[in-house]
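My request is simple: use the sequences and hints to build the entire structure.
For the protein sequence lines, the chains are A and B, in the order given. Sequence positions in the first sequence follow this note's numbering and run 695 to 1006. Sequence positions in the second sequence follow this note's numbering and run 10 to 249.
If you are wondering where the hints come from, they were derived from the structure by calculation, not from laboratory data. Be careful, since some hints might not be right.
Stated by the list, open to error - Capping the alpha-carbon separation at 30 Å, the derived lysine-lysine pairs in DSS-like fashion look like this:
(1) 144(B) to 997(A)
(2) 860(A) to 83(B)
(3) 83(B) to 37(B)
(4) 697(A) to 144(B)
(5) 97(B) to 865(A)
(6) 798(A) to 97(B)
(7) 192(B) to 206(B)
(8) 80(B) to 865(A)
(9) 80(B) to 798(A)
(10) 865(A) to 131(B)
(11) 865(A) to 798(A)
(12) 995(A) to 144(B)
Claimed, not checked - Part of the chain B face toward chain A, derived, beta carbon under 7 Å:
(13) 82
(14) 86
(15) 87
(16) 91
(17) 99
(18) 100
(19) 110
(20) 111
(21) 113
(22) 114
(23) 162
If you're wondering where the values come from, they're calculated on a predicted model, not measured in any experiment. Glycine included, every Cβ here is placed at the ideal spot set by N, Cα and C.
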Amino acid sequence: MKKTLPLFIAGILALLPLIGLSSYWMHILILVLMWSVIGMAWNLLGGYCGQVSFGHAAFFGVGAYTAGILYNKTGVSAWWGMPLSVIVVALFALLIGYICLRLKGPFFALGTLAMGVILRVTAENLTTITEGDLGIMIRERTWIDKTWYFYIILLIAIVSFFIVKKVIESKLGYYFVAIREDQDAAESLGINTTFYKTIALTLSAVLTGLAGVFYTNYMGYIDPKIVFALHDISIVTIMVVMVGGVATYWGPLVGAIIMVFLAEIIRSIPKLGAAHHTFFGVLLIVIIIYLPNGITGDLPKLKRLFGKGKAA
Amino acid sequence: MAMLEIKNVSRFFGGLAALTDISFSVNKGEILGLIGPNGAGKTTLFNVVNGFYSPSQGEVLFNQQKISGLKPHKICIRGIARTFQVVKPLQRMSVLDNVIASAYLRTHSRAVAEAKAIETLKFTGLYDDRDIISKGLPLGKRKKLEIARALATGPEMILLDESFAGLNPTELNESIEIIRNIKEAGITIMIIEHHMKVIMSISDKIVVLNYGQKIAEGTPEEIRGNPLVVEAYLGEAQNA
Ligand SMILES: Nc1ncnc2c1ncn2[C@@H]1O[C@H](COP(=O)(O)OP(=O)(O)O)[C@@H](O)[C@H]1O
Ligand SMILES: [Mg+2]
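Rendered as structure tokens:
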């Protein structure tokens, strides 16, 4: 059962478009899958390797802009951003790793936070390449219908899931977790902590970048304030993983479902909708206090709570 | 033959000389006991040998090659493993996973790493505790886990920092047995220990530090009779 669960869920997801969902629901599903990809990517670095990044918008944005700039400057399809972004984002991650990975704990978090902001400002001002605040528009959308976008992001999500699983069950995974648990102990056990942290960062960045490329193709428009956003991307990424379950395989998907639906519900409430960031903040505090391991991680605890509720 | 050579090593922390001009060597296959009062610089010396600190002056050679200045993981790969006085288990991993993580040093295969880990757990008497999350281990077993983890890296030499502190008499006897078996297996040992009876009975050679300086070196017999040592250390221990 455990072994086939991922395939079973992938199968169910693949059948969803066949039941004739409205364009709105397809959009919601696509967002859920995109966020679970970003969440899985963040989880690799933050959840398993213990390097908490507050700047994943940087990788998302670099991916999105790789596709956008490629299209804008050469006229080829922005889908070519997929292979190209792997190289661009990986190189970028190596640079960021070189700068930030020597920092530990909260200093690493601050370093990555700064990196996201620096990139946003850069993209705003490098107008000859990025078109600045005007943003980049993909004028010919590949499909009007959402079905194919859904299958593409589903494929990326499935591949990400198996990459993360494969990595975590291998030597790499042991080394990531050892680094998270005690960096000095890991180093003295012969683990080149800088090297393995760089691998975690690069893998995490590349997967996030692919989500960014998808975003450019799907939304057809990017600008620096959107794709490099601290609160709408970097913080939401952390929330997806925290709500769903840090360092769990299913946490990012569960978290993505909850966060996307919550965002939709809150935004639809008149007046209150504008305050959705406040609401997310409060939610994060509640989660940290009552479900520190997220919904997936604290599942036994939740079951107990609901069991008791029924008995009373 | 000298496996580890410590040559004129000094280490300063700001104005504090934690180690001053220390020289001695450890021969292949022997147990060297490192003793001295609290704050004498014993742990600092381990940190220099293992690469956490680089020496302010002097150098450390391992198998005739300079290792001072290398990072700890490089030194571990060369064949020196250590334990920590303040234990550092990988808390949210099981005992077995802790040891698998270090057994991965010499292999990429999960099966090989696991086999090595299980062998090491049996060797250190932790096999029955293999599935416990190490956060929940009592101190005596955490100290053993430190030893198991160090051994699983396949070292030529192992540095044991107060592995006996806080053990009850039964655990103490088990640990002494483990140390003897490690030596039997051909691994060279440098051990920091306060328990005088133990250190005198297992060491081939003893080095005494006091205020960061080496005040004596010799066989257990010679150390027992050395007036400087009696004054600095044994006297203190007897008064205590
Ligand atoms: N990182 C450090 N920074 C400043 N002082 C240190 C550091 N590490 C050790 N010391 C000092 O060096 C001296 C020797 O400490 P230590 O090697 O731990 O002694 P021992 O292990 O013999 O009890 C102590 O005075 C200690 O405070
Ligand atoms: Mg000490």
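Practice item. State the violated hints by number, sorted upward, taking the hints as numbered earlier in the document. Key: 15
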